[in-house]
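Note that the protein sequences, when read in sequence, are chains A and B.
Read in order, the letters of the first sequence are residues 1 to 126 in the numbering used here.
Read in order, the letters of the second sequence are residues 127 to 420 in the numbering used here.
Rather than coming from a laboratory, the hints here were simulated on the basis of the structure.
None of the values given here were measured: they were computed from a predicted structure.
Fair warning: there could be bad hints in the mix.
Pair ranges (Cβ atoms, derived) [unchecked claim]:
1) B:K255 - A:Q68: 25 to 35 Å
2) B:E406 - A:K30: 32 to 42 Å
3) B:N136 - A:D112: 52 to 62 Å
4) B:R243 - A:E60: 49 to 59 Å
5) B:V261 - A:Q93: 46 to 56 Å
Stretch by stretch, here's where chain B covers chain A in the computed footprint (C-beta under 8 Å, at least three residues) [to be verified]:
6) 9-17
7) 21-35
Glycine is no exception: its CB is placed at the ideal position from the N, C-alpha and C atoms.
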Amino acid sequence: MFNVNPQSGIPIYRQLMDQIRRMISSGQLKPGDPLPSVRKLALSHAVNTMTISKAYSLLEAEGLLDRQRGKAMTVSNRNSMIEGKRVRLQRLQSIIEQLAIAARQLELDADDLTKAVRHQMEKDDE
Amino acid sequence: MSDQVVKFDNLRKYYDNHEVLKGITTEVRTGDVIGLVGLNGAGKTTLLETPLGFCKPTQGSSWVFGIDSARLSSKETKARIGFVPQTDELLAGISGERYLGLIREFYDHWNSCLIQRLCNEWDVPLARKIHTLSVGQRQKLSIISALGNEPDLLVLDEPVASLDPQARRAFLRELVAIASSRSCTILFSTHIISDLERVASRVWLIKDGALAIDEPLDSLKENTGRVSLPPGVELPGAFQNDDLIHQYQVGNVQTLVFSHWNAERHQALAQAVGFELEREWWLSLEDIFLEVHA
């Protein structure tokens, strides 16, 4: 469900928060949907449980997740948090900026990038 | 009961005239998972063996569960500790099964189910004589034998050095499970920094016998910044302090690495030099490790 990259400089709890935010933003995670338990997620990714709890707690504080005693964390019911395409694209802005800088340094144009991104996404769908 | 598991107070250790540990003061609290990194010969093993009583401080003190670790004699205290040494101390001439049986004799409490499960899951052939096992299999057996008494403090000196990636991942999962289910405190050293980033809550970086870093992993990553100054611009004196970890010049561009960095300090530096500055936000622990040793 999630993807953890310990080599990235971004702390793992932030990686998780970003991924959960994105999935809520697109509606892949719907209001009321349960999230995996802290322990289950920690064991499946071999990540410290405190890292997972920290991500969940911060998202709870942001109002994106709800905690019920003795039950799984769920996606908050309060409002629809699904965002339009433009807003969702904005969430990728910093990655796109970096990609554009790197492409220019490598003398690759927008068509090359489009092709490569399409190829990657088709590969992930398989 | 204090939740302080290990405490070092100005810990110094000399071997002959060589100072291996140069005044280390820190503590470990219940549930911490401390990842210890450092170059070969930096003092990692000496530091890990001190709370176990294997290495007596020349000066200063070391405490474990509130007891002076140089006088660690009671069976009850030893029963609360598990240790995996860097070089296994298994008995070569007997089978793994017999070895585990001998270790078990030392303890009142022994979780046979856990041992059985791990031996199965990790593919340790218990019937074979230990000297016929591969280095990796011996390391697995050494780890398993340290877990049977379900210790409150687990000390592991490069436990994964000989394990293949699959075995390493299985071991890390077990470490996560142990740390969470029994609030076990773990101290482990490793050169595989990505492993440390997965499971450690706190990083100790030992350099020349001193702790150059002793910080929660997340805040370490969040508060280390690498900034390059525009060509020809000098670093203002106010920023030349202890937080400047590393400074180097390529061509006429100066690059600086700071600890305790944040948006305000970044802004202050930009104002002081009169340029907008780009900050490389996220340095991995490996980057930080290399910068500290550069």
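To see whether the hints hold, each was checked on the structure:
no.: 1; hint: B:K255 - A:Q68: 25 to 35 Å; verdict: violated (54 Å)
no.: 2; hint: B:E406 - A:K30: 32 to 42 Å; verdict: holds (37 Å)
no.: 3; hint: B:N136 - A:D112: 52 to 62 Å; verdict: holds (59 Å)
no.: 4; hint: B:R243 - A:E60: 49 to 59 Å; verdict: violated (34 Å)
no.: 5; hint: B:V261 - A:Q93: 46 to 56 Å; verdict: holds (49 Å)
no.: 6; hint: 9-17; verdict: holds (count 5)
no.: 7; hint: 21-35; verdict: violated (count 0)
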